[in-house]
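If you read the sequences in order, they're chains A and B.
Under numbering that gives the first Met the number 0, residues 0 to 392 are what the first sequence spells out, in order.
Under numbering that gives the first Met the number 0, residues 0 to 285 are what the second sequence spells out, in order.
Because the hints were derived from the structure by calculation, they are not lab data.
Be aware that a few hints might be false.
Unchecked claim - Partial selection, computed: residues in chain B whose CB lies under 10 angstroms from chain A: (1) 16; (2) 32; (3) 34; (4) 52; (5) 157; (6) 162; (7) 185; (8) 194; (9) 205; (10) 231; (11) 232; (12) 234; (13) 236; (14) 258; (15) 265.
Claimed, not checked - Derived coverage of chain B by chain A (criterion: at least 3 residues anywhere in the stretch with Cβ under 8 angstroms from a Cβ of chain A; other residues may be distant): (16) 71-79; (17) 141-154.
Note that CB positions come from ideal geometry on N, CA and C, so glycine has one too.
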Amino acid sequence: MTAKPSARFLCAHVLQTVPFANLNRDDTNSVKTVQYGGVLRTRVSSQCWKRAVRTDFQQRIGQTALRTRRIGERVSRLLTEERGWPEDLAARAGAHLAVASGIKFELEEKEKQVQVNKVIGNALVYVPQTAVDELADLAEEHRADLEKAKDIKKSNDKSILPKDRVTAVLRTRNGVISVFGRMLAEVDNAGVDGAVQVAHVMTTHATDIEIDYFSAVDDVTDDWNDSTGSGHMGHAEFSAGTFYRYATIDLEELADNLGADTKAARELAEAFLHSFVTSLPQAKKNSTAPNTVPDLIHLTVRADRPLSLAAAFEKPVQMAQDGGYAAASRDALAQYADAVNTFMGDDGILLAGWTGLDAKDHTGLGDRHTALNALVTAAIETAFVVGDSGAAE
Amino acid sequence: MNAEPAAAAPGLLLHCSGPLQSWGHHSHFNQRDTAAFPTRSGIIGLLAAALGHSRTEPIDGLAHLRITVRVDRPGVVLRDLHTVGGGLPPSGTVTTAQGKKRSGDTTTLLSHRHYLADAAFTVALTPSPDTPAHVGLLQECAEALRAPRWPLYLGRRACPPTGPLLLSFFDDALHHLVRLPVAATAPRPGGPTRVVEFLADQPLDRLPLPADTAASDPAEAAHPTARINDQPTTFHPRLRTYQARPLYRRTFTPPSGQWGGLGTDYLTSLAAYLEQALPTGEGSRR
Numbered sequence: 000m001t002a003k004p005s006a007r008f009l010c011a012h013v014l015q016t017v018p019f020a021n022l023n024r025d026d027t028n029s030v031k032t033v034q035y036g037g038v039l040r041t042r043v044s045s046q047c048w049k050r051a052v053r054t055d056f057q058q059r060i061g062q063t064a065l066r067t068r069r070i071g072e073r074v075s076r077l078l079t080e081e082r083g084w085p086e087d088l089a090a091r092a093g094a095h096l097a098v099a100s101g102i103k104f105e106l107e108e109k110e111k112q113v114q115v116n117k118v119i120g121n122a123l124v125y126v127p128q129t130a131v132d133e134l135a136d137l138a139e140e141h142r143a144d145l146e147k148a149k150d151i152k153k154s155n156d157k158s159i160l161p162k163d164r165v166t167a168v169l170r171t172r173n174g175v176i177s178v179f180g181r182m183l184a185e186v187d188n189a190g191v192d193g194a195v196q197v198a199h200v201m202t203t204h205a206t207d208i209e210i211d212y213f214s215a216v217d218d219v220t221d222d223w224n225d226s227t228g229s230g231h232m233g234h235a236e237f238s239a240g241t242f243y244r245y246a247t248i249d250l251e252e253l254a255d256n257l258g259a260d261t262k263a264a265r266e267l268a269e270a271f272l273h274s275f276v277t278s279l280p281q282a283k284k285n286s287t288a289p290n291t292v293p294d295l296i297h298l299t300v301r302a303d304r305p306l307s308l309a310a311a312f313e314k315p316v317q318m319a320q321d322g323g324y325a326a327a328s329r330d331a332l333a334q335y336a337d338a339v340n341t342f343m344g345d346d347g348i349l350l351a352g353w354t355g356l357d358a359k360d361h362t363g364l365g366d367r368h369t370a371l372n373a374l375v376t377a378a379i380e381t382a383f384v385v386g387d388s389g390a391a392e
Numbered sequence: 000m001n002a003e004p005a006a007a008a009p010g011l012l013l014h015c016s017g018p019l020q021s022w023g024h025h026s027h028f029n030q031r032d033t034a035a036f037p038t039r040s041g042i043i044g045l046l047a048a049a050l051g052h053s054r055t056e057p058i059d060g061l062a063h064l065r066i067t068v069r070v071d072r073p074g075v076v077l078r079d080l081h082t083v084g085g086g087l088p089p090s091g092t093v094t095t096a097q098g099k100k101r102s103g104d105t106t107t108l109l110s111h112r113h114y115l116a117d118a119a120f121t122v123a124l125t126p127s128p129d130t131p132a133h134v135g136l137l138q139e140c141a142e143a144l145r146a147p148r149w150p151l152y153l154g155r156r157a158c159p160p161t162g163p164l165l166l167s168f169f170d171d172a173l174h175h176l177v178r179l180p181v182a183a184t185a186p187r188p189g190g191p192t193r194v195v196e197f198l199a200d201q202p203l204d205r206l207p208l209p210a211d212t213a214a215s216d217p218a219e220a221a222h223p224t225a226r227i228n229d230q231p232t233t234f235h236p237r238l239r240t241y242q243a244r245p246l247y248r249r250t251f252t253p254p255s256g257q258w259g260g261l262g263t264d265y266l267t268s269l270a271a272y273l274e275q276a277l278p279t280g281e282g283s284r285r
């Protein structure tokens with residue numbers, strides 16, 4: 000019997016104040032921005048924050064996925080370093096494995112010399128870390144054939160290894176891939192639709208970009224006191240503000256990606272929520288140390304549809320009389336949540352809850368929880384409750 | 000003078016709004032563009048996702064629905080830089096200004112993705128005149144939009160809609176498309192008047208505008224102003240193809256009371272409008 004989660008979507012809304020920082024730069028090193036509600040705001044792209052979430056998530060669940068064009072070389076290195084293969088043979092094995100994937104490839108060139116067996120695929124594969132070992136096992140199995148085989152010297156050379164078994168390894172997935180998805184058109188049926196949707200992050204209010212002029216002192220010049228010049232001058236851009244972050248987990252898609260393994264789905268959903276709340280992009284972290292935590296986390300478990308509450312900030316939040324945007328942003332979020340639930344009906348909401356620094360209540364955001372753990376546990380328990388049929392778990 | 004208004008046609012109204020949307024219509028490789036309004040393929044794709052149709056399934060009836068877009072806020076185009084991979088073989092990368100290929104360690108590709116920021120659209124979905132049977136399909140779509148199979152997005156996955164996407168099922172969708180609060184703040188008193196544009200795949204000369212509003216010439220709205228290549232034939236990942244279709248335009252000046260504001264203000268004016276426009280019996284809000 001297939002077990003399915005009893006809820007469909009789990010939405011996470013986070014308000015987080017970040018001081019003078021530049022979490023995500025564009026091609027000119029500027030702070031990324033977006034116009035919303037007629038004013039310019041600071042933005043962090045969804046791709047950027049999602050990578051921070053994924054890195055944290057991988058550590059949390061103790062699983063890694065590998066994104067690379069150099070899968071063959073990676074296996075070669077394992078064969079020489081851990082299994083005692085001679086370098087030439089290992090390189091040939093790696094090259095034949097990469098070619099068997101069916102992904103078009105080139106050979107690396109150094110000083111106009113084609114590097115034999117240095118296969119670089121035209122597409123990145125995205126595989127569980129364990130795929131490296133599995134491919135190495137496959138090479139061991141065919142070691143005798145590989146010893147007799149030719150090196151890969153041209154981009155139309157053929158592999159002597161079984162294509163179907165190599166691509167079967169490339170199609171494997173783990174928790175990371177089931178959650179975040181994979182696009183790999185070059186290998187049949189390797190695509191995985193991600194089970195999470197992450198929105199671009201933006202401030203709840205208008206922001207200005209600060210241009211920080213700096214100079215670097217030359218220690219020798221300074222010691223000798225023989226000129227006033229600095230060693231280097233430049234400028235960098237920063238901004239500060241209260242951000243609204245939103246993501247949703249498609250629980251049915253997640254269960255489908257995991258072959259209806261509800262226990263795994265539950266663990267991964269829980270880990271994702273923790274990672275989404277606590278992660279922070281790392282750009283310029285050493286010069287700004289923007290290590291804040293969210294000041295409000297609102298979770299909803301929904302039977303009907305996911306719902307972003309970004310429109311709470313479509314009308315930009317105004318600075319409070321005594322300064323600051325955080326408290327006004329929390330009020331705006333709660334007020335909008337209340338209005339939108341009245342408008343659309345709240346029948347689909349199985350659980351709504353929040354936690355944060357506020358002493359006051361936010362009824363629009365559901366029940367107050369004293370700590371993040373309690374809030375996440377409540378959401379997960381509602382999302383994966385044993386249904387009427389007793390099917391879950 | 001307007002032409003004789005079109006006969007009432009039932010349909011759905013959608014509110015397509017969010018910080019970002021992106022309606023690609025001739026994207027290639029590293030340049031991902033956006034149209035200035037929701038494309039037919041984008042809206043039909045959104046309905047297919049709500050209904051749970053996989054990409055390989057035929058589009059069927061959805062491809063025949065009429066889509067009329069009201070541009071509440073046109074928004075601004077945002078270009079986002081996205082770096083891709085690195086480590087591509089030199090021959091697979093862009094050619095430099097000197098006509099050469101880059102060396103192995105500097106081959107990271109820059110992808111430029113265009114978004115429409117700060118835009119809001121009200122979209123009417125109505126049956127095509129020759130297939131009125133689509134009313135059933137529209138009701139199915141309304142159900143699916145309330146509880147979609149997959150999370151919905153405005154053209155790209157990172158662009159979730161905010162607030163209510165489905166406004167309601169109406170017995171006369173175009174009548175309400177014209178009168179529903181506009182998701183924008185009112186122009187400054189004494190400032191220039193602002194017009195709202197309609198974009199459709201059918202002639203707009205018979206758009207049921209209120210008699211006392213200023214609107215562009217119906218004779219012009221009866222003829223297409225352009226053709227756009229956004230009529231999907233299939234969403235199959237390997238066979239994705241589009242056909243051209245006509246694009247009709249019309250503008251009108253909303254009365255001052257029709258500007259609904261932003262965020263919570265818009266929701267409030269919307270609720271007030273629906274309260275008065277949908278007495279029990281016609282359509283259902285939820």
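Hint check results:
1. 16: holds, 7 angstroms
2. 32: Violated: closest Cβ of chain A sits about 17 angstroms from residue 32 of chain B, beyond 10 angstroms.
3. 34: Hint on residue 34 of chain B: violated, closest Cβ of chain A at ~18 angstroms, above 10 angstroms.
4. 52: violated, 13 angstroms
5. 157: holds, 4 angstroms
6. 162: OK, holds: residue 162 of chain B within 10 angstroms of chain A, min 4 angstroms.
7. 185: It is violated, given that the least Cβ distance between residue 185 of chain B and chain A is near 12 angstroms, above 10 angstroms.
8. 194: Violated: closest Cβ of chain A sits about 18 angstroms from residue 194 of chain B, beyond 10 angstroms.
9. 205: This hint is violated: residue 205 of chain B lies away from chain A, its Cβ roughly 31 angstroms from the closest one there, beyond 10 angstroms.
10. 231: Cβ of residue 231 of chain B sits 19 angstroms from chain A, so the hint is violated.
11. 232: Status violated, d = 20 angstroms.
12. 234: violated, 13 angstroms
13. 236: holds, 7 angstroms
14. 258: violated, 13 angstroms
15. 265: holds, 8 angstroms
16. 71-79: Per the Cβ count (4), the hint holds.
17. 141-154: As far as the stretch 141-154 of chain B goes, the hint holds, because 9 residues have Cβ atoms under 8 angstroms from chain A.
Checked against the numbered hints above, the structure breaks hints 2, 3, 4, 7, 8, 9, 10, 11, 12 and 14 and satisfies the rest.
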